[in-house]
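So the protein lines, in turn, are chains E and S. The opening position of the first sequence corresponds to residue 1 in the numbering used here, with each subsequent residue numbered one higher. The opening position of the second sequence corresponds to residue 391 in the numbering used here, with each subsequent residue numbered one higher.
Any given hint could be a false lead.
[Claimed, not checked] So these bits of chain E aren't anywhere near chain S, every CB distance computed over 12 Å:
hint, residue
1, Val-43
2, Glu-265
3, Leu-295
4, Val-321
5, Glu-355
[To be verified] What follows is a list of derived Cβ distance ranges for each label pair:
hint, chain 1, residue 1, chain 2, residue 2, range
6, E, Arg-54, S, Ser-561, 55 to 63 Å
7, S, Glu-543, E, Arg-54, 44 to 52 Å
8, E, Glu-198, S, Glu-543, 53 to 61 Å
9, E, Ser-368, S, Leu-554, 22 to 30 Å
10, S, Asp-424, E, Arg-202, 29 to 37 Å
11, S, Asp-530, E, Arg-202, 48 to 56 Å
12, E, Gln-371, S, Asp-530, 28 to 36 Å
Please keep in mind that the hints were generated in silico from the structure rather than gathered at the bench. Ideal placement from N, C-alpha and C gives every residue a C-beta, glycine not left out.
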Amino acid sequence: MSPDCSLSSSPDNLLGATVPQTAVINRPMDLVCGATLPSHSLVFETYGTLNKARSNAILICHALSGDHHVAGINTKGKVGWWDHYIGPGKAIDTTKFFVVCPNNIGSCFGSTGPTSNNPRTGKVYGDSFPSIQVRDWVESQKYLMDHLKIECWAAVIGGSLGGMQAMCWSLAYPDKLKHAVVIAAAMKLSAQNIAFNEIARRAIQSDIEFKEGHYLDYETSPTQGLALARMIGHLTYLSDDALHRKFGRLVHSGDLDTTEKELSEFEVASYLNYQGDKFSQRFDANSYILITKMLDHFDLSQNYNDNPAKVFVHAQCQFLVVSFSSDWRFSPLCSEQITDSLVSAGKAVSYIKIETDQGHDAFLLPNSRYQKAVSLYLSRVSNELEEISL
Amino acid sequence: MINDIGPIGAWIEPKSRLLDLGCGDGTLLRRLIDDYQVQGYGLEIDPNSINQCIQKGLNVIEQDLNKGLENFSDNSFDTVLMSQTLQALRYPHLVLDEMLRIGNRCIVTFPNFGHWQTRSFLAIRGRMPVTKQLAYQWYDTPNIHLFTYKDFEALCSERSIKILKRSFVGSQLLGLNSLCPSLFAKIAVYHLAK
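All chains should be modelled from the sequences, with the hints used to inform the complete structure.
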């Protein structure tokens with residue numbers, strides 16, 4: 001067992017130390033927008049063991065701000081963003097499955113994106129990185145699939161933007177996945193969602209350090225704008241009830257009655273500022289703009305058949321759709337539209353709505369019903385694998 | 391629950407599309423899929439039952455029947471089935487209409503409140519019946535609309551619902567069940583059309 005396990009007192013980190021790998025794709029990749037990436041790299045982590053038939057691989061798709069470090073503890077001591085769900089004996093059981101999670105192109109954690117060098121110019125891409133769509137992420141993940149010599153994913157799983165990738169996989173490569181687990185996602189964004197993303201982009205672009213996207217050339221970063229963008233985003237991932245439960249009107253030190261009101265900062269303000277600042281240190285502003293635009297332009301029914309009831313006609317995999325009662329960013333209605341669309345198309349689908357006050361963020365957080373349902377569903381997936389191999 | 395699927399099987403076309411409203415732990419739906427290869431979906435609201443359905447490999451959709459079925463389009467299923475759930479709904483008559491809109495045919499099963507045991511329970515003890523089929527106290531029962539099979543048939547005629555076939559589950563003794571279902575049928579099973 002890895003010595004890193006001692007970093008955590010909980011049994012959550014049984015995976016131990018995880019080390020990222022890099023796949024260099026030297027073939028040009030055509031993007032939906034018409035541009036071509038001459039080559040690209042994908043940083044990824046894997047957990048568990050690929051079986052002999054190479055049939056037990058699960059692809060995890062990250063959302064807007066995610067990275068490849070989804071489970072275990074990395075060399076910096078950081079626990080993966082979905083460690084509650086991935087590991088030995090967990091809902092996505094690494095004793096049964098080989099789990100793959102890449103950082104997607106256009107992001108900023110090592111895979112080719114705005115902070116990488118453009119091989120054509122020898123200069124950093126910055127804001128000249130071509131616009132990307134969910135379909136491009138799927139295409140690049142397909143390169144990774146080929147790199148790992150995986151014929152068919154046992155499942156493709158993702159929350160939020162990750163769920164959109166799972167749906168996109170089911171239509172782009174219908175015979176390359178057996179199951180799609182679509183969590184807190186939507187077939188397209190609402191006007192309100194797009195509006196929130198626009199406010200976030202405006203916050204970044206208004207920062208004097210943004211330099212029209214060329215901040216890297218000036219060795220600076222629009223951290224204030226990025227922090228503000230994240231604060232807005234983060235707030236929309238939480239529910240009113242959860243904020244009230246966590247913070248209420250608590251002030252940073254002491255009680256409102258006993259502290260001088262002008263000087264005290266509300267706990268909720270301090271929390272949001274902290275989240276904003278932390279994020280602005282780890283994320284790239286151009287990536288944030290690029291990926292929020294990608295979200296805005298995602299429209300599954302427009303891209304496939306232009307009819308919500310017929311979108312999934314060509315899908316071949318089985319689906320599990322999950323929503324959270326207090327999610328107002330991608331509300332249960334969005335997941336229900338996905339489910340209805342799958343039923344109309346005669347596809348295999350189960351849908352659960354998890355009761356929680358944790359908003360959109362709930363898809364990342366521990367919740368016994370959610371964990372149990374995903375676990376039962378994936379046991380089914382693993383049993384199917386055993387039946388095939390018998 | 392009906393463990394023996396009784397007449398239901400004969401009313402279901404193999405490989406047809408079936409929607410099971412209030413599918414519970416999915417026992418019946420599993421049987422119908424295994425025996426008739428139907429393309430089945432179950433609607434359920436109880437998390438534990440939903441988990442059991444997932445475990446059985448069924449398509450189960452979390453949905454509250456009391457909040458409507460508008461998400462299902464007209465004639466989108468060959469059969470809409472509802473087993474032992476009608477009596478627990480807020481507006482059973484409206485759900486029946488919806489079932490007939492969504493399905494070409496409907497199958498409904500429910501406990502017959504006119505069974506002699508429930509009748510005598512009420513008549514002799516003066517208390518609301520607690521029986522095998524209706525195993526709850528009056529204050530915590532999910533069965534908020536108790537009715538007899540005659541009440542059901544009256545409703546069908548009021549709403550011009552065609553009864554294609556009916557069948558009764560109860561005492562096999564001397565064929566009492568079919569001779570006098572009003573008193574001897576524990577569970578009534580109906581095959582309906584618009």
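Exercise. Return holds or violated for the Cβ distance of E:Arg-54 and S:Ser-561 against the range 55 to 63 Å.
Key: Holds, since E:Arg-54 and S:Ser-561 (Cβ atoms, about 59 Å apart) stay within the stated range.
Quiz item: Just checking, E:Leu-295 versus chain S, shortest CB gap more than 12 Å?
Solution: holds, 25 Å
Quiz item: Range hint 48 to 56 Å: satisfied by the CB atoms of S:Asp-530 and E:Arg-202?
Solution: Roughly 54 Å apart at Cβ, these two residues keep to the hinted range, so it holds.
Exercise. Hint says 44 to 52 Å; check whether the CB-CB distance for S:Glu-543 and E:Arg-54 agrees.
Key: violated, 60 Å
Exercise. Take the C-beta atom of E:Gln-371 and the C-beta atom of S:Asp-530, compute their distance, and say whether it sits inside 28 to 36 Å.
Key: holds, 29 Å
Self-check item: 12 Å cut-off, C-beta based - E:Glu-355 kept clear of every residue in chain S
Solution: E:Glu-355 is in fact no farther than 12 Å from some Cβ atom of chain S, at 8 Å.
Quiz item: Within 53 to 61 Å or not, the Cβ separation of E:Glu-198 and S:Glu-543?
Solution: Given about 60 Å between the Cβ atoms, the range holds.
Quiz item: Taking 12 Å as the cut and beta carbons as the points, is E:Val-321 off the interface with chain S?
Solution: Per Cβ check, E:Val-321 is inside 12 Å of chain S; nearest 9 Å; violated.
Self-check item: E:Glu-265 and chain S, when compared Cβ to Cβ, separated by more than 12 Å
Solution: For E:Glu-265, whose nearest Cβ neighbour in chain S is about 40 Å away, the distance exceeds 12 Å, so it holds.
Quiz prompt | Status of the given 22 to 30 Å range, CB of S:Leu-554 versus CB of E:Ser-368 | solution = Violated, since E:Ser-368 and S:Leu-554 (Cβ atoms, about 45 Å apart) do not stay within the stated range.
Practice problem: Could you tell me whether the CB distance from S:Asp-424 to E:Arg-202 stays inside 29 to 37 Å? | Solution: violated, 57 Å
Quiz prompt | Least C-beta distance from E:Val-43 to chain S larger than 12 Å | solution = holds, 34 Å
Hint check: violations occur at hints 4, 5, 7, 9, 10; the rest are consistent with the structure.
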